[in-house]
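Q: These protein sequence lines are chains A and B, in that order. Using my numbering, read the first sequence as starting at 1 and increasing by one per residue. Using my numbering, read the second sequence as starting at 1001 and increasing by one per residue.
Simulated from the structure, these hints should not be mistaken for lab results. Every residue, glycine too, gets a C-beta built ideally from N, C-alpha and C. Treat the hints with caution; some may be incorrect.
[Said to hold, decoys possible] Covered stretches of chain A (in silico footprint by chain B; criterion: 3 or more residues with CB under 8 Å from a CB of chain B, positions within the stretch not fixed): (1) 40-52; (2) 228-238; (3) 247-256.
[Unchecked claim] Over 10 Å on every C-beta distance to chain A, these chain B residues come out as not near it, computed from the model: (4) Glu1036; (5) Pro1071; (6) Thr1083; (7) Phe1084; (8) Gln1086; (9) Met1088; (10) Gly1093; (11) Leu1106; (12) Lys1115; (13) Asp1126; (14) Ile1153; (15) Ala1278; (16) Arg1312.
Number of protein chains: 2
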Amino acid sequence: MNDRQPRPIQRVVALSGGVGGAKMALGLQHVLPPGELTVIVNTGDDFEHLGLAISPDLDTALYTLAGLANPETGWGRRAETWTFMQAMQDLGGETWFRLGDGDLALHVERTRRLKMAASLTEITADLAQRLGIPAQLLPMTDAPVRTRVTTDIGELDFQDYFVRRQCQPRVAALRFAGADAAAPTPQVCAALTDPALEAIILCPSNPYLSIDPILALPGVRELLRASGAPVIAISPLVGGAAVKGPTAKIMTELGISVSPRAVAQHYGELLDGFVLDARDAASENQLTALGLPTLVTDTLMKTLDDRIRLARAVLDYARTLGNHQEKQP
Amino acid sequence: MNDRQPRPIQRVVALSGGVGGAKMALGLQHVLPPGELTVIVNTGDDFEHLGLAISPDLDTALYTLAGLANPETGWGRRAETWTFMQAMQDLGGETWFRLGDGDLALHVERTRRLKMAASLTEITADLAQRLGIPAQLLPMTDAPVRTRVTTDIGELDFQDYFVRRQCQPRVAALRFAGADAAAPTPQVCAALTDPALEAIILCPSNPYLSIDPILALPGVRELLRASGAPVIAISPLVGGAAVKGPTAKIMTELGISVSPRAVAQHYGELLDGFVLDARDAASENQLTALGLPTLVTDTLMKTLDDRIRLARAVLDYARTLGNHQEKQP
């Protein structure tokens, strides 16, 4: 397990959802050489709205990695205007999902290209290149997967639950419609089977909403287990609460204790290492008792420097875990 | 021909293209009682762009009649922003057709409704109502008609000729693809056969590009000839030149003299009356020689007051022409 190498880690795959995961990915992008980071992004949140194909997590990753993200919200673009939304309201159109004027260009252009039979993977690669993103940005699949939320008021489409109803309904279960039949793309499979791969990072996104859809694709868990690179999850909890979003609320509603231990147990035997926040250091003993190596550090990412520092810490930690050809059962 | 009525004219149909025609329609809307004006708009300029259904003349009419038009350009919306266009350029998308952020809402919402099998007529009626337009605004047809321009560099789609190439190619011929099979809508037919109809106005739009597509629909010429209401064209020329757009250039390239007489002769036996600008008064004798009654007045519409004044003058003139059951052959 400990065949340390003198040089820093270069080739990394990160699995990510939206805001929190994208921050981690940005830190990794800054630390790693150009072209060595692959970010595989959840598309379970994708939906069609106003006739446009919208990929919220992929968009957040794109804007974040391009340096265009709105620093206030984490989603959408900086220096955005909202004339479209106002005009749409005047026309009696739907306005519950806020689409900024600049953001619209992405949705219109992607929708146009999808209609011309380009894949989401191809489109994303081209847009990422145009926006100067040095990382490889990959949707988890080109097939439709749609997260559905079973709640006390019935099963809801994800964006209906998440945006329109602001996560207020009580969650009883989650499912990823279409995941069974949605192959991870060849690019995703290639990244995860790359012999040069040195670490697989499960970003501090919501494990249940953002990482699980990726893990639900046929073969992805097996690829992670088969990889020689250590698989490391970063806890999305800081001080026993989620930094942003409904992670803690959902864990509670699903009957899961809101703790790093529960997150680590959720990922289970996929993990070779786990990173938790210093404010949750009391959980470290529980994790060690599970036989899981841990890194305790400051995981809160308020500034770009925070992201870079955390990325360095995680990569240094990954190096201590080393590469191995076959995971322990 | 001269059975004058004491009360002012109430029910009017206007045939219109974009900017110039919409100005005339706005004047008529101000002068006529609510609900008494029907504006039938050219859709030969319509096209799909960036996956969106765009109806340039209908949009200009909608914005103009709603008081939302950009007073500088005549097309698009006032208080517009352009963030979408800038973002589209950054993404490598097509930017030759300028779409403002607020304007986009109309295209996105219309495209969405068309996909849900609403007709352009239904969508336009609903949007016009939401924007508080008292006139009835009708696309000439719900079927696709596409103006094609034969030029010295080959046949071009209309917007390619008009916007992308800024009317620079030399025009040899115009055709309206699909017009043969495109029925005028029941609403268009109803408006033109309304027994209460008192005037049919051919707005000062480009006769060849904007009015001809409407007249090319099967049955429309016959409905105009059969109507008891006088048909009156307003010359788009002022002082022997077009106020805006390529009318004069196209007339020249088609070998037509740039004169009110040529416009009147183009419409031919459809007309019961013709309105020309005072700056072209020298043409009046030629028109009278054709046996066509004329009104000479100031047709230049710079302000709303100009539009109202011209509308009043045209309606007063229509009253002098009177209603008649059958046009002269």
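Q: Please go over all the hints and tell whether each is borne out by the structure.
A: Now for the hints, and whether the structure bears them out:
A count of 3 residues in the region 40-52 of chain A with a Cβ less than 8 Å from any Cβ of chain B is obtained; the coverage claim is therefore met, three being the minimum. For the region 228-238 of chain A, the assignment as covered by chain B is violated, since 0 residues bring a beta-carbon within under 8 Å of that chain's beta-carbons and 3 are needed. Under a criterion of three residues with beta carbons nearer than 8 Å to beta carbons of chain B, the stated coverage of the region 247-256 of chain A fails, only 0 such residues being counted. The Cβ of Glu1036 of chain B sits about 25 Å from the closest Cβ of chain A, beyond the 10 Å cut-off, so the non-interface label holds.
Distance check on Pro1071 of chain B: its Cβ is at least 17 Å (rounded) from any Cβ of chain A, clearing the 10 Å threshold; non-interface status holds. Interface exclusion of Thr1083 of chain B from chain A breaks down, the closest Cβ pair being 4 Å apart, not more than 10 Å. The Cβ of Phe1084 of chain B sits about 5 Å from the closest Cβ of chain A, inside the 10 Å cut-off, so the non-interface label is violated. At roughly 7 Å, the least C-beta separation between Gln1086 of chain B and chain A is not larger than 10 Å, which violates its mark as non-interface.
Not every CB of chain A lies more than 10 Å from the CB of Met1088 of chain B, the least distance being 4 Å, so the non-interface label is violated. The Cβ of Gly1093 of chain B sits about 4 Å from the closest Cβ of chain A, inside the 10 Å cut-off, so the non-interface label is violated. At the 10 Å boundary, the C-beta of Leu1106 of chain B falls inside the reach of chain A, the nearest C-beta of that chain being 6 Å off. At roughly 6 Å, the least C-beta separation between Lys1115 of chain B and chain A is not larger than 10 Å, which violates its mark as non-interface.
Not every Cβ of chain A is farther than 10 Å from the Cβ of Asp1126 of chain B; the closest lies at roughly 7 Å, contradicting the non-interface assignment. Interface exclusion of Ile1153 of chain B from chain A stands, the closest Cβ pair being 26 Å apart, more than 10 Å. Every Cβ of chain A is farther than 10 Å from the Cβ of Ala1278 of chain B; the closest lies at roughly 39 Å, confirming the non-interface assignment. The Cβ of Arg1312 of chain B sits about 30 Å from the closest Cβ of chain A, beyond the 10 Å cut-off, so the non-interface label holds.
Consistency note: the structure conflicts with the earlier hints numbered 2, 3, 6, 7, 8, 9, 10, 11, 12, 13.
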